[in-house]
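Following the hints, position chain B against chain A.
Top to bottom, those sequences are chains A and B. Each residue of the first sequence is one higher than the one before, starting from 1 at the first, in the numbering used here. Each residue of the second sequence is one higher than the one before, starting from 1001 at the first, in the numbering used here.
Source of the hints: derived by calculation from the structure; they are not laboratory data. C-beta: ideal position from N, C-alpha, C; glycine also. Mixed in with the good hints, there may be bad ones.
Straight-line Cα separation of at most 25 Å, PhoX-like style, residue types lysine-lysine; simulated pairs [stated by the list, open to error]: (1) Lys1239(B) <-> Lys1183(B); (2) Lys1020(B) <-> Lys179(A); (3) Lys38(A) <-> Lys153(A); (4) Lys117(A) <-> Lys48(A); (5) Lys1054(B) <-> Lys179(A); (6) Lys18(A) <-> Lys117(A); (7) Lys1174(B) <-> Lys18(A); (8) Lys1174(B) <-> Lys136(A); (9) Lys133(A) <-> Lys1054(B); (10) Lys38(A) <-> Lys48(A); (11) Lys179(A) <-> Lys1174(B).
A short, non-exhaustive set of chain A residues, derived as facing chain B with CB atoms under 8 Å [to be verified]: (12) Pro64; (13) Pro66; (14) Thr79; (15) Tyr82; (16) Leu130; (17) Ala142; (18) Tyr143; (19) Gly147; (20) Gly169.
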Amino acid sequence: MAIEIFTPLTDEVVARLKAGDNVRISGVLYTARDAAHKRLVALIAEGKQLPLDIQGQIIYYVGPAPARPGQAIGSAGPTTSYRMDSYAPILMEHGLKGMIGKGSRSRDVRDAMMRFKAVYFAAIGGAGALLAKCVKASELVAYEDLGPEAIRKLTVEGFPAVVVNDIYGNDLYEEGVRKYRVS
Amino acid sequence: MGCNGLREVNVADVRAAIEKLCVSANCNVPRETIAALERALENEESPVGREILKQILENHRIARDEGVPACQDTGVAMVFVEVGQDVHFVGGDLYAAINDGVRQGYTEGYLRKSIVNDPLFRRVNTGDNTPAVVYVDIVPGTQVKITVAPKGGGAENMSGVAMLTPAAGVEGVKRFVVERVEKAGSNPCPPVVVGVGIGGTFDRVALLAKRALLRPVGSHNPDPMYAKLEEELLTEINKLGIGPQGLGGRTTALAVNIEYAPCHIASMPVAVNLNCHVGPHETIVL
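One chain only, chain A, in its complex shape (with noise of 0.2 Å):
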């Protein structure tokens, strides 16, 4: 059964949520990779103000298909995470709460959600068709000259992940591999 969380995510909601758990999310998902993360990280280091409030909210690493006319979105499925680790902890102390990706996170991305109190979720890389269906509007935050890697605001429902790194140090992809590893 998944469990049905909405964003922004309380600290409360993040301390409930285990590795392993599918959830389906409904809200606001911010996306971001690599370049716009660079962005971010450079405006926190000049102590300007970001072009997003990041307080409690989740950035889905993602660069969209364009839509094709009637669409919300084109396809919409997640990049791999760990392009983005050495930018993802500074934005965790901002207030930064979930992360949605695919692919493992380093010790440091993994020491900094324990501390600051934030979760890694995985969906399914490839299937990008199928999550553009859980996306009902897509409007422009900024860096708009990045093309498919500006910032823009998701309005989701019912998009499914898993929670790979909880707050409690646990991850599932380590799990996971442990369990059906032939030796």
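Below, chain B without anything else, positioned relative to chain A:
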């Protein structure tokens, strides 16, 4: 037919074929890959893995039925052209026509533009997914065979080349390939297709690995020794436990495809190039 037995091919036809292939390849996952995913679903022991395989199959069905790309990463446009040596191209520059086809396909087909103009300093998106990566081979005959294989970044980033010594032998090759897939883990969107190149030179072996991915899932190298190695590697890789999306399971790879070439007496280059479970490619013969 032109004079001297040459067949004239207008590059406008090449442009049109490329445009069509860019869109079609991204929306239509190869049937052999779908069949392999269905078999994997039957054999997968992990409940999470089975659920993921079901959703992947559903995704690929939606992509085909609705004509939308299966994955948002519609890749760098890899274009392989086999040109019959008795073909004479007319109507303009072949490479310009190929890039026009890519531009047209990615723009009109609502595909993602994923190319930056400079890898290091500028990194400005070119806005139309050009330039394509183009390989042209001259072959006998009067046909032009065009394959477009859009290649996503996530799986491509997990590639590797090793310049092994001949002494490393079959075991050395196996160790390198399995280690690459293990290191890649959940990143290249498993279940993956593993392209392996063996032999040639540093540059050629990488291309062999990439070309191996153009072979249908489930096909084997015609050389029985290499076909056996493909099977053995697939078994080893599926013991890793990585499973669908890296969340654990029996299905880490759908296939291992090996291509080989002669090499120097001192060398044994090996390359690994991975495809995700979408692994698109399509061909048109003009």
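The hints, checked one at a time:
no.: 1; hint: Lys1239(B) <-> Lys1183(B); result: 14 Å, holds
no.: 2; hint: Lys1020(B) <-> Lys179(A); result: 44 Å, violated
no.: 3; hint: Lys38(A) <-> Lys153(A); result: 18 Å, holds
no.: 4; hint: Lys117(A) <-> Lys48(A); result: 24 Å, holds
no.: 5; hint: Lys1054(B) <-> Lys179(A); result: 21 Å, holds
no.: 6; hint: Lys18(A) <-> Lys117(A); result: 12 Å, holds
no.: 7; hint: Lys1174(B) <-> Lys18(A); result: 37 Å, violated
no.: 8; hint: Lys1174(B) <-> Lys136(A); result: 47 Å, violated
no.: 9; hint: Lys133(A) <-> Lys1054(B); result: 16 Å, holds
no.: 10; hint: Lys38(A) <-> Lys48(A); result: 14 Å, holds
no.: 11; hint: Lys179(A) <-> Lys1174(B); result: 23 Å, holds
no.: 12; hint: Pro64; result: 5 Å, holds
no.: 13; hint: Pro66; result: 5 Å, holds
no.: 14; hint: Thr79; result: 6 Å, holds
no.: 15; hint: Tyr82; result: 7 Å, holds
no.: 16; hint: Leu130; result: 4 Å, holds
no.: 17; hint: Ala142; result: 15 Å, violated
no.: 18; hint: Tyr143; result: 11 Å, violated
no.: 19; hint: Gly147; result: 4 Å, holds
no.: 20; hint: Gly169; result: 18 Å, violated
Of the numbered hints stated above, those contradicted by the structure are hints 2, 7, 8, 17, 18 and 20, listed in ascending order.
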